Amino acid sequence: MNEFPLLTLVIWFPIIGGIAVLASGDRAAAISKWIALGFALLTFFVSLGLWTGFDSGTAQMQFVERAPWIPNFDVYYHLGVDGISMPLIILTTFITIFVIVAGWEVITYKPSHYMAAFLIMEGVMVGVFSALDAILFYVFWEAMLIPMFIIIGVWGGPNRVYATIKFFLYTFFGSVFMLVALIYMYFQADSFSILDFHDLQLGLTAQTLIFVAFLLAFAVKVPMFPVHTWLPDAHVEAPTGGSVILAAIMLKIGGYGFLRFSLPITPDASAALDWLIIALSLIAIVYIGFVALVQQDMKKLIAYSSIAHMGFVTLGFFIVFTILRNPAVAGGAVMGIEGGMVQMISHGFISGALFLCVGVLYDRVHSREIADYGGVINTMPWFGAFVVYFAMANAGLPGTSGFVGEVMVILATFRADFWWAFLAATTLILAAAFTLWMVKRVVFGEVKNEKVAALQDLNRREAFNLGALALAVLALGIWPAPLVEVMHASVDNLVAHASTCKLPASESGDCVLALPASMAGLTGQP
Amino acid sequence: MENVYLTIVLAPLLGAIVAGFFGGRIGRRGAHSVTIAGVGVSAALSLWVLTRFIWGDEPVFNQAVYTWMVSDGMRFEVGFLVDRLTALMMATVTFVSLMVHVYTIGYMADDEHNWPKGSLSGRNSYQRFFSYISLFTFSMLMLVMSNNFMQLFFGWEAVGLVSYLLIGFWSTRETAIFANLKAFIVNRVGDFGFILGIAAVAMYFNSMDYAEVFAAAPQHADTQVALFGGVSLMTLICVLLFIGAMGKSAQVPLHVWLPDSMEGPTPISALIHAATMVTAGVFMVARMSPLYELSEAALSFVLIVGATTALFMGLIGLVQNDIKRVVAYSTLSQLGYMVTALGASAYAAGIFHLMTHAFFKALLFLAAGSVIIAMHHDQDIRHMGGLRRYMPITWITALIGSLALIGFPAFSGFFSKDAIIEAVGHSHIFGAGYASLLLTIGVLVTALYSFRMYFLVFHGKPRMDEHTRHHLHETPWVVTLPLILLAIPSVVIGWIAVEPLLVTDWFNTGDWSPIQVAPGHDNLEPLRAHWHGEWAFVLHGMHMLPFYLAMGGLVFAALVWWLGFSIDPKLDEQIQSWGGPFTRVLQAKYGFDDFNQRVFAGGGRRLGTALWVSGDRILIDGAVVNGSANRVAWLAQRVRQLQTGYLYHYAIAMIVGLAGLLTIFVVL
Numbered sequence: 001m002n003e004f005p006l007l008t009l010v011i012w013f014p015i016i017g018g019i020a021v022l023a024s025g026d027r028a029a030a031i032s033k034w035i036a037l038g039f040a041l042l043t044f045f046v047s048l049g050l051w052t053g054f055d056s057g058t059a060q061m062q063f064v065e066r067a068p069w070i071p072n073f074d075v076y077y078h079l080g081v082d083g084i085s086m087p088l089i090i091l092t093t094f095i096t097i098f099v100i101v102a103g104w105e106v107i108t109y110k111p112s113h114y115m116a117a118f119l120i121m122e123g124v125m126v127g128v129f130s131a132l133d134a135i136l137f138y139v140f141w142e143a144m145l146i147p148m149f150i151i152i153g154v155w156g157g158p159n160r161v162y163a164t165i166k167f168f169l170y171t172f173f174g175s176v177f178m179l180v181a182l183i184y185m186y187f188q189a190d191s192f193s194i195l196d197f198h199d200l201q202l203g204l205t206a207q208t209l210i211f212v213a214f215l216l217a218f219a220v221k222v223p224m225f226p227v228h229t230w231l232p233d234a235h236v237e238a239p240t241g242g243s244v245i246l247a248a249i250m251l252k253i254g255g256y257g258f259l260r261f262s263l264p265i266t267p268d269a270s271a272a273l274d275w276l277i278i279a280l281s282l283i284a285i286v287y288i289g290f291v292a293l294v295q296q297d298m299k300k301l302i303a304y305s306s307i308a309h310m311g312f313v314t315l316g317f318f319i320v321f322t323i324l325r326n327p328a329v330a331g332g333a334v335m336g337i338e339g340g341m342v343q344m345i346s347h348g349f350i351s352g353a354l355f356l357c358v359g360v361l362y363d364r365v366h367s368r369e370i371a372d373y374g375g376v377i378n379t380m381p382w383f384g385a386f387v388v389y390f391a392m393a394n395a396g397l398p399g400t401s402g403f404v405g406e407v408m409v410i411l412a413t414f415r416a417d418f419w420w421a422f423l424a425a426t427t428l429i430l431a432a433a434f435t436l437w438m439v440k441r442v443v444f445g446e447v448k449n450e451k452v453a454a455l456q457d458l459n460r461r462e463a464f465n466l467g468a469l470a471l472a473v474l475a476l477g478i479w480p481a482p483l484v485e486v487m488h489a490s491v492d493n494l495v496a497h498a499s500t501c502k503l504p505a506s507e508s509g510d511c512v513l514a515l516p517a518s519m520a521g522l523t524g525q526p
Numbered sequence: 001m002e003n004v005y006l007t008i009v010l011a012p013l014l015g016a017i018v019a020g021f022f023g024g025r026i027g028r029r030g031a032h033s034v035t036i037a038g039v040g041v042s043a044a045l046s047l048w049v050l051t052r053f054i055w056g057d058e059p060v061f062n063q064a065v066y067t068w069m070v071s072d073g074m075r076f077e078v079g080f081l082v083d084r085l086t087a088l089m090m091a092t093v094t095f096v097s098l099m100v101h102v103y104t105i106g107y108m109a110d111d112e113h114n115w116p117k118g119s120l121s122g123r124n125s126y127q128r129f130f131s132y133i134s135l136f137t138f139s140m141l142m143l144v145m146s147n148n149f150m151q152l153f154f155g156w157e158a159v160g161l162v163s164y165l166l167i168g169f170w171s172t173r174e175t176a177i178f179a180n181l182k183a184f185i186v187n188r189v190g191d192f193g194f195i196l197g198i199a200a201v202a203m204y205f206n207s208m209d210y211a212e213v214f215a216a217a218p219q220h221a222d223t224q225v226a227l228f229g230g231v232s233l234m235t236l237i238c239v240l241l242f243i244g245a246m247g248k249s250a251q252v253p254l255h256v257w258l259p260d261s262m263e264g265p266t267p268i269s270a271l272i273h274a275a276t277m278v279t280a281g282v283f284m285v286a287r288m289s290p291l292y293e294l295s296e297a298a299l300s301f302v303l304i305v306g307a308t309t310a311l312f313m314g315l316i317g318l319v320q321n322d323i324k325r326v327v328a329y330s331t332l333s334q335l336g337y338m339v340t341a342l343g344a345s346a347y348a349a350g351i352f353h354l355m356t357h358a359f360f361k362a363l364l365f366l367a368a369g370s371v372i373i374a375m376h377h378d379q380d381i382r383h384m385g386g387l388r389r390y391m392p393i394t395w396i397t398a399l400i401g402s403l404a405l406i407g408f409p410a411f412s413g414f415f416s417k418d419a420i421i422e423a424v425g426h427s428h429i430f431g432a433g434y435a436s437l438l439l440t441i442g443v444l445v446t447a448l449y450s451f452r453m454y455f456l457v458f459h460g461k462p463r464m465d466e467h468t469r470h471h472l473h474e475t476p477w478v479v480t481l482p483l484i485l486l487a488i489p490s491v492v493i494g495w496i497a498v499e500p501l502l503v504t505d506w507f508n509t510g511d512w513s514p515i516q517v518a519p520g521h522d523n524l525e526p527l528r529a530h531w532h533g534e535w536a537f538v539l540h541g542m543h544m545l546p547f548y549l550a551m552g553g554l555v556f557a558a559l560v561w562w563l564g565f566s567i568d569p570k571l572d573e574q575i576q577s578w579g580g581p582f583t584r585v586l587q588a589k590y591g592f593d594d595f596n597q598r599v600f601a602g603g604g605r606r607l608g609t610a611l612w613v614s615g616d617r618i619l620i621d622g623a624v625v626n627g628s629a630n631r632v633a634w635l636a637q638r639v640r641q642l643q644t645g646y647l648y649h650y651a652i653a654m655i656v657g658l659a660g661l662l663t664i665f666v667v668l
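Protein sequence lines, in the order shown, are assigned to chains D and G.
The first sequence begins at 1 in our numbering and counts up by one.
The second sequence begins at 1 in our numbering and counts up by one.
Read the hints as simulated data drawn from the structure, not as lab findings.
Keep in mind the model is a prediction, meaning the values are calculated, not measured.
Note that beta-carbon positions come from the ideal geometry of N, C-alpha and C, so glycine has one too.
Fair warning: there could be bad hints in the mix.
What the hints assert, rightly or not - Think about it this way: if two alpha-carbon atoms lie no more than 30 Å apart in a straight line, the pair counts; the simulated DSSO-like pairs of lysine-lysine are:
{"hint": "1", "chain 1": "D", "residue 1": "K448", "chain 2": "G", "residue 2": "K117"}
{"hint": "2", "chain 1": "G", "residue 1": "K570", "chain 2": "G", "residue 2": "K461"}
{"hint": "3", "chain 1": "D", "residue 1": "K451", "chain 2": "G", "residue 2": "K117"}
{"hint": "4", "chain 1": "G", "residue 1": "K589", "chain 2": "G", "residue 2": "K570"}
{"hint": "5", "chain 1": "D", "residue 1": "K110", "chain 2": "D", "residue 2": "K451"}
Claimed, not checked - Ranges between beta-carbon positions, derived for each pair:
{"hint": "6", "chain 1": "D", "residue 1": "Y162", "chain 2": "G", "residue 2": "V613", "range": "17 to 27 Å"}
{"hint": "7", "chain 1": "G", "residue 1": "E174", "chain 2": "D", "residue 2": "Y162", "range": "31 to 41 Å"}
{"hint": "8", "chain 1": "G", "residue 1": "V624", "chain 2": "D", "residue 2": "L48", "range": "39 to 49 Å"}
{"hint": "9", "chain 1": "G", "residue 1": "L120", "chain 2": "D", "residue 2": "Y162", "range": "35 to 45 Å"}
{"hint": "10", "chain 1": "G", "residue 1": "I488", "chain 2": "D", "residue 2": "L48", "range": "53 to 63 Å"}
{"hint": "11", "chain 1": "G", "residue 1": "G591", "chain 2": "D", "residue 2": "L48", "range": "36 to 46 Å"}
{"hint": "12", "chain 1": "G", "residue 1": "I488", "chain 2": "D", "residue 2": "N326", "range": "55 to 65 Å"}
{"hint": "13", "chain 1": "D", "residue 1": "N459", "chain 2": "G", "residue 2": "H467", "range": "45 to 55 Å"}
Said to hold, decoys possible - Negatives, chain G to chain D, calculated, CB over 12 Å:
{"hint": "14", "residue": "V41"}
{"hint": "15", "residue": "L437"}
{"hint": "16", "residue": "M551"}
{"hint": "17", "residue": "L559"}
{"hint": "18", "residue": "A659"}
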């Protein structure tokens, strides 16, 4: 038990900030913006305490807080982080700063409400990443939809109603099944603690049903093929900040869910159905790669690119079982999961930056169509340099963060199967093609029209945003060791869980994974 | 020594950063001073290191600088391996780079004319150019000095990035931005194979470190992989890695990007697309010789691809009229020679040709650039002629470069090319006969296209317009000095280096030899056995077929494009029309570009559209997502009609329901 409730602070501080901003109102918009920025910055600095105080030598949950919430149903206010959730929390608090800054002048309609929505969103997302109680997790999980629904619905584009409803129904459809699964597990474990769920021994049928329920919830969030079609629509209609949060953080919650729930709670079902996830991941990489190529709308293109890159995340997570099943292959399982994790963090930076770049253009020209641009570099050379840089990162150039996760997943996938790696590696060609072709049509060339001729280069706020993200992309690209080291112990522990047969004794004959006896060595409850 | 090596690598990077980010503040003079200083330091130290390896007894350096990351027990490091092979590459790269830096001062002096009026993209373009070429030097050094596969890939992609930036340097020109996109994507096709090769190494060796992998390689000599119905692991790894080399070193069929890359400014054509970056694939295969020696199938593949490139790309050079494109096709052909040498296990000869070629091809490109400056950026050799009177230094140095290229006796290219042809002649692996034949014919082709260009440019009557001719003059000293400094090694380096590199087994340093050749594969052994000094080698070469072919080509070129052309200026076109379909095939570049454009670029777009429309829009969104919404709405519509609001409807329904239920209870 930690004496200082740091996680509570990181969750509730921005939410209180959001309420304060709301209270300050739009009449003093200038002040409310500064309040919002202050809260975002402070939250980020406070959240850095999670990093500096983190003990990477253990897989135990850290910064744990536990207090009864609804005692009649054993629901606790139970928080804690490990090496998997901590980097995602810092990504959340980091990205929120840029969202606030990006909305500074652009949002003229109820700016304080806009800022407040993002601050509340921030707290809720940190809550999702740090909740260790299933009900608390579910509450944060669903609460996340509300600010996003408002952000797209109020500040969105012309077709925002269709997009919000599609977004809401899609994600809500996924999560109700998850709730059923969580309640079922409560009756099995007599506890809502997620860590207690990790120690459950469930039959294969139960595991499979739970796995499918989780899959529906997480696959929609990631999003995986074929439940991805809400994402391009949501992005297109969302304001820039909404797109950034959506791409940089909300998608990661799906990936996080697989690691926190699916792999450790239902390892046997995961092992039995891993082919499905791998197939869908590879489809996401190849199919979506081709679809991204022909998009005419910049935001749609980046949205499809996100789906393809998230395919790497799920691929990295689920090749684990093939590697574990093959005794001839030594290692690779940990690298796959760590690669997926690095890919999530990196994608947070890169997709966030790319959506900010589109926002920069949209604010000036009010179009997202590629055909409306051309020769932007003639009037915005600094902006052009940033776009080329982030495009290269998106194409996975070594030295940028985009490379690290991608190469780890490819190396790990090769150990599982040559042809999977073959398909995954096509992203080297496809991502370069769709990203750089867009850059060629938008940034390079002669000035296409008068609107492009009238463009002004980045202002200081935009340059700050893109510059900070560029540094993050570079730092992670040339020295990923600090990030990877933080995850080691937790990922090792996760792989141990995933490689353990958790079927009850009566079904132990069906075990393809190691027998439950090895569960003694696992880290359960802190 | 670690500090020396770090300085060599980081000095150009520092120059690039200063010139790139502060170019506006330090001005042109500041930018070229700082980058030239950086590369100058790097070149001086590299030459010093090389001399230490030659005359001193410099130990092999193999150390990590820092750990990039550790995952799953595998260490990914950034580190340097400096042995004789590396030292030679470092010296070649930094020397040529330094020459190009100096040359650029002259070439880019009036770059503002290359940008649209009022465009901000041309702001500080001079400084930016220097920043890029220094960044390139850094990346190339990272590549050649790497001691592991991951850093090799980093350097590999980083030079690709700089190449992309520089081909598209004039970023407002449609041709330039088409060419750089094409170059990047075609290279990515190669890298696709390369990364899979690295993944195979990672899986079977569990290490990224060269020394560890090479040490463990013999144990895997007989390992089979269950792919394609069973293939040797070494063949798989070597072929996959070589696919990467085919992209970077522009081997058929991944060569298509190199001719287009000529859209970039000429200094980078010399540095990147002739002397250094495109030879990265050759260097890589030589570096991996301990692996390639374990797979004869992979060597055959390398040999055949290289020989095909050597002859057939040279042939296209015959019908080109753009001065830079002629040199570009020549580069493709010469890269083919180097690659063929690798396939014949004559790695040392390949590296030797890489080095001599770096000097004379950089020289030829820079000379071409000098001509282009004088011609006010007209690159068509049909518009030139008689330039020797106006630009004597360019003329003489270009002549030296051309002679070195065709392998004129005692010039540098003579030694390296003869060694390759001889080694391939001694090879007995599959495809060696084919390769030997193609390389020999290639000598004739090389002489033809080289001297066709040379005579059309420098001899005969001037054919440019009056205005251009009036302004013709020799280029400034910053341009001619690098020409002279490159011409010297183009003449002498072959003579100097042939014995150490090929005869005395210089690359073998006892406990660590960068180039390893399996006993049965040593096709340089006959050359070594019959070695009686450079003179004897030259005299011996003058009795061989390649010599006669080269001289024949030279004489034929002189007769046609010098004497004949001065009599009938339409002669060149006539010869081409005599070629008939043969010429048309060459002019269409064997149709590679059309094919790629239609099948891969067009096909990819069509496939994308088809998937998007049929998959995402019609099937998923149309049928499932909106479809289920519509079905719910339809159902709701129907159900709503049941609720009419009339009491008797409900009463009837209740009575019928009651009767139904009663029936069920009674019957059961």
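_Given a hint of 36 to 46 Å, does the C-beta separation of G/G591 and D/L48 actually sit inside it?_
59 Å, violated
*Taking C-beta pairs only, is G/M551 more than 12 Å away from all of chain D?*
45 Å, holds
*Starting from the range 39 to 49 Å, see whether the pair G/V624 and D/L48 falls in it by beta-carbon distance.*
44 Å, holds
_Can you confirm whether the C-alpha distance between D/K448 and G/K117 stays at or below 30 Å?_
14 Å, holds
_Please check whether G/I488 and D/L48 have a Cβ separation lying inside 53 to 63 Å._
58 Å, holds
*Is the Cα-Cα distance between D/K110 and D/K451 30 Å or less?*
28 Å, holds
*Take a look at whether the Cβ-Cβ distance between G/E174 and D/Y162 falls inside 31 to 41 Å.*
38 Å, holds
_Non-interface claim for G/A659, where every Cβ of chain D lies beyond 12 Å_ = Given a closest Cβ separation of 38 Å, the condition holds.
*Return holds or violated for the Cβ distance of D/N459 and G/H467 against the range 45 to 55 Å.*
Cβ of D/N459 to Cβ of G/H467: about 46 Å, so the range 45 to 55 Å holds.
*Can the restraint linking G/K570 and G/K461 be considered satisfied, given a maximum Cα separation of 30 Å?*
Holds: G/K570 and G/K461 sit about 13 Å apart, inside 30 Å.
*asked:* Between the alpha carbons of G/K589 and G/K570, is the straight-line distance 30 Å or under?
replied: 23 Å, holds
*So is G/V41 really clear of chain D, every C-beta pair being over 12 Å apart?*
Holds, because the least Cβ-Cβ distance between G/V41 and chain D comes to about 22 Å, which exceeds 12 Å.
Hint 11 from the earlier list is the only one contradicted by this structure; the remaining hints agree with it.
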